[in-house]
Amino acid sequence: MIAFFSSLVASRLGRVFLKWAVIAALVGLLLLRAVGFGRQSERNRQMETSLLTLRKRNEIDADISRHSDAGRRRRLRSWSRK
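Residue numbers 6 to 87, in this note's numbering, belong to the letters of the sequence shown in order.
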């Protein structure tokens, strides 16, 4: 194995090959990192949407719970007429 790598480094074609292999590896790592950042960004966006939805639902639940049963019925009747 050591002989293989030393023969690559010793020849001009081997050095060119190694240079391009290193460049390709670096580009691959950069792409993987960019994909990871994109995934995390999407997770954060979905979590934010989920939290906003939960907050809105809690506000509606709190608003509804403040009314009496008759008040709830009245609101439901007005919604169903629209």
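In case anyone wonders, no lab produced these hints; they're calculated from the structure.
One or more hints might be untrue.
[To be verified] Computed spacing ranges between beta-carbons, pair by pair:
hint : residue 1 : residue 2 : range
1    : Ser-73    : Ala-39    : 47 to 57 angstroms
2    : Leu-36    : Arg-71    : 32 to 42 angstroms
3    : Ile-7     : Leu-35    : 42 to 52 angstroms
4    : Ala-75    : Ser-55    : 30 to 40 angstroms
5    : Leu-34    : Ser-11    : 37 to 47 angstroms
[As the list claims (entries may be wrong)] 20 angstroms max Cα-Cα, derived SDA-like pairs, lysine to any residue:
hint : residue 1 : residue 2
6    : Lys-24    : Val-40
7    : Lys-24    : Leu-13
8    : Lys-24    : Arg-44
Beta carbons are placed, not taken as given, at the ideal position from N, Cα and C, and that holds for glycine.
Does the structure break any of the earlier hints, and which numbers would those be? 2, 3, 5, 6 and 8
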